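Now for the letters of each chain:
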Amino acid sequence: MRDAQDLSRRAFIVGTAAVAGGIAFGSYGYAEQAAKPASNPLAAGLGPDSVTFNPWIEISPERITLIAQHADIGQGVGSVQPIMIAEEMDLDPGQFEIRFAGPSPAYFNTGFADELAPFMAADQSPAAEEARAAVLENLRQSGLQMTGGSSTVPDTYEKLRAAGAAARETLKAAAAKRSGVPVADIRTQSGHVILPDGTRIPYVQLSAEAAKIPPVLDVKLRDPSKWRMLGKPMTRLDVRSKAMGELKFGIDMKMDGMLFAAVKLNPAKGQPLKSYNATKAQSMPGVKKILEINNGVAVIATNSWYAMKAVEAIDCQWAPSAYPAEQADHWKVLGASFKPEFLGKEWRKIGNVDAALKGGKLVQAEYRAPYVAHQPLEPLNGIAIVSDAGMEIWVSHQSPQAVQQVAATAIGLKPEQVTFHNQWAGGSFGHRLEFENVRVLAEIANQMRGTPIKLVFSREEDFLQDIPRQISIGRYKGSVDKGKIVAADLKLAATAPLKGLLERMGSPSKDPDAQLAAGLWNVYYDIPNFRATSYEAQGLSPCTTWRSVGASTAGFFTESFIDELIHAAGLDPMKARIAMCAVPTYRKVLETVAEMSNWKGPLGKGRGRGVAFVESFGTPTAEVVEVTATDIGIRIDKVWVAVDVGKVVDPVNFENQVQGGVIWGLGHAINCELTYAKGAVQQTNFNHHEAMRIYQCPVIEVRGLENDPKVRGVGEPPVPPAAPALANAIFAATGKRIREMPFNKFIDFV
Amino acid sequence: MIELTVNGTKRQVDVVPEMPLLWVLRDELGITSPKYGCGVAQCGACTVQIDGKAVRSCQSHIGEVAGKSVVTMEGLGNKDQHPVVQAWIEHQVPQCGYCQTGQIIQAISLLELIPKPTDDDINVVMSGNLCRCGTYPRIRAAIHAAAAKIAGK
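One line per chain: the protein sequences are V and U, in this order. Positions 1 to 750 (the numbering used here) are the ones given, in order, by the first sequence. Positions 1001 to 1153 (the numbering used here) are the ones given, in order, by the second sequence.
Derived by calculation from the structure, the hints in this document are not laboratory data. Treat the hints with caution; some may be incorrect.
If you want the ones that stay clear, here's a sample from chain U, every Cβ over 12 angstroms from chain V, calculated [unchecked claim]:
(1) ILE1050
(2) ALA1148
(3) ILE1150
DSS-like mimics (lysine-lysine), calculated; alpha carbons at most 25 angstroms apart, straight line [unchecked claim]:
(4) V:LYS638 - U:LYS1116
(5) V:LYS248 - U:LYS1079
(6) U:LYS1053 - V:LYS254
(7) V:LYS710 - V:LYS220
(8) V:LYS588 - V:LYS600
(9) V:LYS477 - V:LYS345
(10) V:LYS226 - V:LYS647
(11) V:LYS232 - V:LYS647
(12) U:LYS1153 - U:LYS1079
Everything numeric in this text was worked out from a predicted model, so none of it was measured. Don't be surprised by glycine CBs; every beta carbon is placed ideally from N, CA and C.
Construct the entire structure; sequences and hints are all you get.
Next up, the structure:
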């Protein structure tokens, strides 16, 4: 492979032009492939007179069911994915039911191809596209079905619309056969096929006949100008049931004869139980049984609260942690990881960095980011029943196949013996990619064969077992000369989040963790001498993906440091970024946020604005944060955000996701960290790990741009720029540079 | 046996008096709109009305609720037409939605107390309700909209 990381401005422009006409993979071919009976998981469970055209659509004489292929963790999957099908299928909200996909390779995530190929997102050169196509083929073969990487829309934008179009055309063909009218004279509207004489045949009445004809695969997607729902403000399908308190989350499910479980697990993550004394718990109210499991104890009781109270009363002796017991030693190990033996990868090298650092004015800084918890408001839970035939589990999870794998491994079953039913999730932020509840629930249900067991983690247990975001240190050097940034040498050491996750999924990777490079190497400023290197710390806490993953920490380091260099060069933070930005569409994002915020330089005493720009998951995002330094601390007044996703398919939810991402980024940067003492995290509820509440929440103005030639996701990209934009604003208002999260260790907030 | 009124119906439960109302509602009575989030009054997801006042049901022992009247989202009269629920739908507040029933019960209580709340009033009364998804801008807008709806009636 040619040195693809060495990106010049010219390469960006050429690459962009080359793919402006379309997207790298063919949806029509995909529709054809996915429609083969063997690869459609819906075919097996089909009732009489019913039909399925592809893995996303099922029609019986009674109802139309659309499959949401991803997990709904609050990002709106359960609405936007069915609507993408319904748009082409001519269905209206209310005319179909929604079901979450079961485990199947038919639902492999095409959206990961861009993120996993070793090319920067803006590089759309033929070499980059070829590499992405190769990754896509690997994904197709592995059949990895996973929700994550901001891929809700990018993964499904083409294939769901193609699925809907295929269904529509097949239903028309069935109606043509029944009526003898040529297909060309038949149209569809609101769940009906309409014949030239005005006869309206509901889709459901055509299911039996549609099942008897070959599905139509030669379909064309409608031009977005013809869309009825997509791209326009629409009401999320789940909004009403959520506002009415009627939607059932995983934690609300129940089964006849069910008993309740609570657990106490070794807070030294991954280590076993040594011994325990449950004498007191035995006689507590509601207690049915006390079980020993692999890394702890469980109480089975007649309700969750009895189970939680009793498990609290069990005295456990734990094996010590495999990682340092005390937080200070985590930082020491991390700080000592900038050595060749821990090298992840030199991700990018341009010019002669070492020579350039010797000229001009040297700027050096060290940045830090702590472990942070995910802690969605719905704690980990699940229901399972184990019988001789296998296990059935109801749990919200982002990796259906991995749930089968992990549960099966825990109790000696084959993965196909585990039946998984995905549930609506009360948030995730990466938490529901991990398996602690799944593994533990399998063990408990296996010991309680025949009885449905509902497991709910207490908030404290959930905090203790939460596999955190990576801990990270950036050691950055750069130089400025004659009012220009001439060199940047970015070195970062962190725990590897993606590698850890893959290992726990049973598919370990030997490659350098690409997520550690996110926000480190994908820097789009024209800096003639640039180097980005990652080091992977060993022997620390297990870590995993946390909303926006690597970019949540490296993005903070890099955009803070760029700000420091710009300041050292005596330039305006916004104008300098716009001038240095090498990608025209990305420059437009910066220009847009400058225009939205009416950026005109310094605001005057006690007030300040900061800007940051980060591309993550292919989505370029620029944010301006405005703060006031009041007598009682920093007040965040306003945030402006510009994001380019290529196509905004659901404008209201788009704004909601962006605002939520900004709040997530700001809140955790201000006041959240997890610290270890005696091998356990010290923060076990929201009073110790609060993030943002409404009183701190600024006004957040959002604009979506559609200049990127590809359709991008938006669940995570608004997170990374928030922390550096805030730190840069605090610097502008106070002259104080904050280089470590959480910021409240260094400055007060209102 | 402890007796209380839930959503207008008399109910009896056979549990220890220290058991929090939240878990009685969820696990003993099958009323799931009050959510377990923290168990220590840090998140507000479990908020219900007891004798018309918004309280954290995770902190209310069932023994102390005996004889009182509890209202959850399930028992909110004319829920479809409730101005706060309507505002929540119109402003598309929920993302994951898990905290929203608690937010709504708290907002109803706020509007009963202060019919036309300022942003500061909203900050004071709503800051006990955590939303991890970050729907705060929409919660604020929906409360103002609901206040206007109620005033316009």
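Going down the list of hints, with the structure as the test:
1. ILE1050: holds (17 angstroms)
2. ALA1148: The claim holds: ALA1148 of chain U sits with its nearest Cβ about 18 angstroms from chain V, beyond 12 angstroms.
3. ILE1150: About 17 angstroms separates ILE1150 of chain U from the closest Cβ of chain V, which puts it past 12 angstroms; holds.
4. V:LYS638 - U:LYS1116: holds (24 angstroms)
5. V:LYS248 - U:LYS1079: This hinted pair holds, its Cα atoms lying about 17 angstroms apart.
6. U:LYS1053 - V:LYS254: violated (29 angstroms)
7. V:LYS710 - V:LYS220: holds (19 angstroms)
8. V:LYS588 - V:LYS600: Answer holds: LYS588 of chain V to LYS600 of chain V is near 17 angstroms, not above 25 angstroms.
9. V:LYS477 - V:LYS345: Since the Cα atoms of LYS477 of chain V and LYS345 of chain V sit roughly 18 angstroms apart, the hinted pair holds (cutoff 25 angstroms).
10. V:LYS226 - V:LYS647: Satisfied, since the Cα-Cα distance of roughly 14 angstroms is no more than 25 angstroms.
11. V:LYS232 - V:LYS647: holds (11 angstroms)
12. U:LYS1153 - U:LYS1079: holds (16 angstroms)
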